[in-house]
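Protein chains: 2
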Amino acid sequence: MDHVLGLSCVNCGREFEASGIIYHCDICGSRGVLDVIYDYRLIRTRLSRAKLADNRDRSMWRYMPVLPLGPGAMAGIQPLLTGFTPLYNAGRLAAELGLGRLFIKDDSRNPTGSLKDRASAVAVAKAVELGQEAVCAASTGNAASSLAGFAASAGIPAFIFVPKTAPEAKLAQLLVFGARVFAVDGTYDEAFELCLEAAREFGWYNRSCAINPFLVEGKKTLAFEICEQMDWEVPDVVIMSVGDGCSIAAAWKGFKEAHTLGLIDRLPRMVGVQAAGANPLTRAFAEETLEFTYRRPHTVADSISVGIPRNGIRALRSVRESGGFFVDVEDHEILSAMTRLARSTGIFAEPAGATSFAGLNRLMVSGSLPAGGTIALTVTGSGLKDVAGAMAAAPQATQIEPSLLAVREIMGVH
Amino acid sequence: MDHVLGLSCVNCGREFEASGIIYHCDICGSRGVLDVIYDYRLIRTRLSRAKLADNRDRSMWRYMPVLPLGPGAMAGIQPLLTGFTPLYNAGRLAAELGLGRLFIKDDSRNPTGSLKDRASAVAVAKAVELGQEAVCAASTGNAASSLAGFAASAGIPAFIFVPKTAPEAKLAQLLVFGARVFAVDGTYDEAFELCLEAAREFGWYNRSCAINPFLVEGKKTLAFEICEQMDWEVPDVVIMSVGDGCSIAAAWKGFKEAHTLGLIDRLPRMVGVQAAGANPLTRAFAEETLEFTYRRPHTVADSISVGIPRNGIRALRSVRESGGFFVDVEDHEILSAMTRLARSTGIFAEPAGATSFAGLNRLMVSGSLPAGGTIALTVTGSGLKDVAGAMAAAPQATQIEPSLLAVREIMGVH
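Chains as they are written, first to last, in the numbering used here: chain A, 1 to 414; chain B, 1 to 414.
These are computed hints drawn from the structure, not numbers from a lab.
Hints are supplied without guarantee of correctness; some may be wrong.
The list treats identical chains as one, so a pair stands whether inside a single copy or across any two.
What the hints assert, rightly or not - Calculated lysine to aspartate or glutamate pairs in the EDC-like style (CA-CA distance at most 20 Å, straight line): (1) K256 with E401; (2) K164 with E401; (3) K164 with E409; (4) K170 with D39; (5) K256 with E96; (6) K256 with D39.
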């Protein structure tokens, strides 16, 4: 880990050692998310366009020189193949929308079906590196199933804390992966706190969102991949759906690092899309504040249904720094974005995964994007994770008698 | 298509031209599935270990020289990234089971979550090459959602015929992809026949199972990948779950072709695993016949729930020729295989996808596999496709008060 200089609190700037187990800044508490600081001069000697061109690893581990792991981190782990997901050049859809070019990064193709796998891959590798014997998280959603899958592949136990109201279907995947699931008789916040306490008590490694400083590091590989898969061109605008804010902050860090390392020569603008019913970041951005006001979240896009974003400060700073902005979309726009994306590209996204595309549609109407520009859109989760969402979005089947005549009639051929 | 010599009926051996639209042998009817015949001497000049080592395409299209498509077939298609799915070396699980080596081919990582995507990719490319304006299929399952996804990505309409009893959740994915779904007031066989008639009437290209001679060609790439990903070693035994028999016949064709082309120096034995409640092939194999006797299928593994296998003759011949055999497993074995596979490897399979592993477990008990041998196991579909199946397989969550004391008690720490 000679390339890692330390950790820095995003709230107060205090610095910490990166070795050992550390979650957030002990002064700032949960607002004090820690950011990993690297020695980019050293990394430049290890990561370049030429070195990547020769690298046959088609996974996120091709960017190991910018990840906070020691050289032997992957020994003894049979890793699930993670990252280097397809980047599609969606020409037909771009033409339909009147865009110059539209690239779609399909992160639903990760092992457990979401972008979260990039974070879990690093978290579990880190747990093994630190000699931790178990991992834990508070989550009902993609982060939990992701952690459960990666813990299973590494052969270490996972403990997951969920509010007991979590739907059974969402828990099935965790339980099949063999995670020990605690259904807590309380709110999500109580489950979150209990997970923190239990992690301390039992020495479990905590992968809860915005607690673990290494999650962002895994997720930032998304940005490196977009650039590399565009042959080191840079999109004008990157559009992502946003819940807690970890992913968009991570992608921005990735683009900045790619720039610092000389892999790309400019930076994109970052656009965050939130569901109108769970939009603390859109509101804070509009009000130019770093304080978040709670409203009970309500949206069909459950993976980004957030009242107070746990990595909100960092997300706001990232989007501002990039010259981008936040935009809201209504649930009906999310559902129709799901079907339009699927039928135009063959990509089946969960509602939160299609929220970025709903945002793009909204921005095309308002004319807020550069004419003829190049847009990169991220799809963060698979539609197979939320069949109920798909059923809400889908049209009906056509009932028909078993005769060709009936087909003819429906086809309007007489 | 100078490398394609023609089509040959697997039942009577008559030969047909491979150009134009042709489904099955006009003498033998639905028993007369057609097999593509190639000029392997010509293909040898185009496909070799060295050429593949230089090929940067990480999808099934790296094997284009053995696929029945013309050189310009992929122009104008934005293909979904298909094939070249991970082959995991499952060391821990192999040790647990007392196997020499166990490789797991995770085909749930295809675009719509199943092996069927390999067939749809070829079918849709073929439809475009032939100037067909629409595609169709009769299916309620993975083949239908796969066809719908690939048709969407290619920008051509898909018409799907299902019995009206098909569960709504299974149809959601098709409908989101924009397929026109006809819910036929009749049986699956009536839906199948109606699809055939409609294809003829409206000039739609038919991707129904065992009708279209090119589906097997797409699926055979699985075998090429296993060999290439094992650095051209060959497993002693390949274990696959079997429904209609297309996939195991396709894999066997792939291994034989790899052998003919000099890519590998021996052949594996093929073991087909059926659910005990849908086992016409196991029975026919035991009785040494090519005739199938119908029993109403009943199994939790819906993707292989087949009464009469539509590509059964070819599957039987393939397994016999390889020196392999068929084996049955009960539903409870399938469900426990799902959880064991998931918790040992992080691979979440649908019940039919884990049936191969259930077969392996059965064979370990009966001692029917070579001691210290190398086994390749295929996982054909994602567990996210069948959350109900996962819920049946999964244990329960642990209800708990929101206190550390409660966690301590459950962990047995006082």
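Ascending list of hint numbers which this structure does not respect: Result: hints 1, 4 and 5 break, sorted rising.
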